[in-house]
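Order-wise, the sequence lines are chains H and X.
All residue numbers for the first sequence refer to this note's numbering, where the first residue is 1 and numbers rise by one.
All residue numbers for the second sequence refer to this note's numbering, where the first residue is 169 and numbers rise by one.
None of these hints come from the bench; they were simulated from the model.
Keep in mind that a hint or two might mislead.
Below, computed lysine-lysine pairings styled on DSS-like, alpha-carbon distance capped at 30 Å [as the list claims (entries may be wrong)]:
| no. | chain 1 | residue 1 | chain 2 | residue 2 |
| --- | --- | --- | --- | --- |
| 1 | H | 36 | X | 292 |
| 2 | X | 292 | H | 41 |
| 3 | H | 36 | X | 289 |
| 4 | X | 225 | H | 41 |
| 5 | H | 120 | H | 36 |
| 6 | H | 41 | H | 64 |
| 7 | H | 70 | H | 41 |
For each label pair, taking beta carbons as the anchor points, the in silico distance ranges come out as [what the hints assert, rightly or not]:
| no. | chain 1 | residue 1 | chain 2 | residue 2 | range |
| --- | --- | --- | --- | --- | --- |
| 8 | X | 293 | H | 6 | 29 to 35 Å |
| 9 | H | 98 | X | 294 | 45 to 51 Å |
| 10 | X | 286 | H | 79 | 57 to 63 Å |
| 11 | H | 90 | X | 293 | 28 to 34 Å |
| 12 | H | 49 | X | 277 | 31 to 37 Å |
| 13 | X | 216 | H | 86 | 34 to 40 Å |
What you are looking at is a predicted structure, and each value in this text was computed from that prediction instead of being measured.
Positions of the beta carbon are idealized from the N, C-alpha and C atoms, including for glycine.
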Amino acid sequence: MKNSGTFKITAHGDHEIVVTRVFDAPRQLVFDAYTKPELVKRWLLGPDGWSMPVCEIDLRAGGKYRYVWKNDTDGHEMGMVGIYREVATAQRIVATEIFDEAWYPGEAVDTIVLVERDSKTTLTQTILYDSRETRDAVLKSPMKTGMAASYDKLEKVLPSLEREALSA
Amino acid sequence: MVMEPDGYIRSAPRLDATFAALADPTRRAILARLAKGEASVTDLAEPFAMSQPAISKHLKVLERAGLISRGQDAQRRPRRLEARGLRDATQWLENYRQFWEAQFGRLDALLREMQSSGVRKRAKRAVAK
Chain H
1 MKNSGTFKIT
11 AHGDHEIVVT
21 RVFDAPRQLV
31 FDAYTKPELV
41 KRWLLGPDGW
51 SMPVCEIDLR
61 AGGKYRYVWK
71 NDTDGHEMGM
81 VGIYREVATA
91 QRIVATEIFD
101 EAWYPGEAVD
111 TIVLVERDSK
121 TTLTQTILYD
131 SRETRDAVLK
141 SPMKTGMAAS
151 YDKLEKVLPS
161 LEREALSA
Chain X
169 MVMEPDGYIR
179 SAPRLDATFA
189 ALADPTRRAI
199 LARLAKGEAS
209 VTDLAEPFAM
219 SQPAISKHLK
229 VLERAGLISR
239 GQDAQRRPRR
249 LEARGLRDAT
259 QWLENYRQFW
269 EAQFGRLDAL
279 LREMQSSGVR
289 KRAKRAVAK
């Protein structure tokens with residue numbers, strides 16, 4: 001996948017996590033893929049073996065959304081709800097997110113910003129936790145501790161260290 | 169959204185210690201040195217302009233994280249890299265990257281499809297005129 005190298009994830013300040021990715025499409029299409037249920041259900045499926053049976057979106061400031069994913073093997077479901085705070089077509093979405101079985105306390109606020117350049121769209125998604133405690137609880141899960149160290153840097157350094165260690 | 173699907177991204181608590189240990193540049197440099205072969209605490213302290221106690225603290229963190237171990241020589245107590253600790257961390261990051269790349273890869277495919285059907289629709293409209 002030619003854009004797969006553009007995926008980046010980093011921690012920002014005390015409260016934020018930032019994910020960026022470039023897509024080969026105009027921003028209106030990326031916006032549609034993020035906000036039209038029939039489109040969201042085709043890509044935001046979670047890990048292999050999961051599907052997204054419920055995707056309800058009321059796309060306006062104050063409107064609600066609800067996502068449910070299902071493990072097709074054991075039937076286990078995981079849901080997430082939130083409220084849109086701001087919707088600027090093809091540019092910016094701000095929404096809260098809470099998982100049904102929250103693995104962190106409090107809620108988070110997602111801000112998605114789309115910037116188009118040379119018919120490519122850069123997506124920047126900022127996840128803001130409502131307190132340092134919440135973000136730190138999230139950061140304690142291993143992936144986010146890794147993110148604090150800058151995912152990119154680790155991604156580069158780990159395999160080379162491992163290779164050297166094995167050949168030493 | 170950062171998804172944390174059940175059992176997929178939750179991993180052994182040791183990974184927490186591993187990633188915390190890797191978050192420090194001095195500790196990564198120590199690992200890079202040990203990747204070339206085992207070394208004593210004195211050897212390790214030398215390039216860092218750091219006191220031995222300061223280096224020892226970093227080594228303790230690395231040891232607890234399962235990234236290094238102590239050799240047999242009772243006098244030198246050389247430290248050596250534990251490849252398995254690194255392999256677990258690498259594997260974990262790889263899983264995480266794959267998780268998001270699977271989502272975004274599907275999104276790439278969907279966007280391509282949306283663009284080509286958009287082109288077809290516009291072409292049809294042009295023909296209809």
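Hints versus structure:
For a cut-off of 30 Å, the pair hint linking residue 36 of chain H to residue 292 of chain X stands: about 24 Å separates their Cα positions. Of the pairs offered as hints, the one joining residue 292 of chain X and residue 41 of chain H holds, with about 27 Å between alpha carbons and a cut-off of 30 Å not exceeded. At roughly 19 Å between alpha-carbon atoms, residue 36 of chain H and residue 289 of chain X fall within 30 Å of each other, so this suggested pair holds. At roughly 49 Å between alpha-carbon atoms, residue 225 of chain X and residue 41 of chain H are farther apart than 30 Å, so this suggested pair is violated.
A C-alpha spacing of about 20 Å is found between residue 120 of chain H and residue 36 of chain H, which places the hinted pair at or below 30 Å, so the restraint holds. Taking the CA atoms of residue 41 of chain H and residue 64 of chain H, the gap is near 17 Å; set against the 30 Å cutoff, the hint holds. As the CA atoms of residue 70 of chain H and residue 41 of chain H are separated by approximately 12 Å, the hinted pair is consistent with the 30 Å bound. Range check, residue 293 of chain X to residue 6 of chain H: Cβ separation about 33 Å, and the 29 to 35 Å hint holds.
Between residue 98 of chain H and residue 294 of chain X, the C-beta spacing of about 47 Å keeps the proposed range 45 to 51 Å intact. Remark: the range hint 57 to 63 Å for residue 286 of chain X to residue 79 of chain H is contradicted by a beta-carbon distance near 32 Å. Under the hint 28 to 34 Å, the C-beta atoms of residue 90 of chain H and residue 293 of chain X, about 21 Å apart, miss the expected range. Here the CB-CB span from residue 49 of chain H to residue 277 of chain X is close to 19 Å, at odds with the stated 31 to 37 Å.
For residue 216 of chain X and residue 86 of chain H, the Cβ-Cβ distance of about 48 Å falls outside the hinted range of 34 to 40 Å, so the restraint is violated.
This entry does not satisfy hints 4, 10, 11, 12, 13, going by the numbered hints stated previously.
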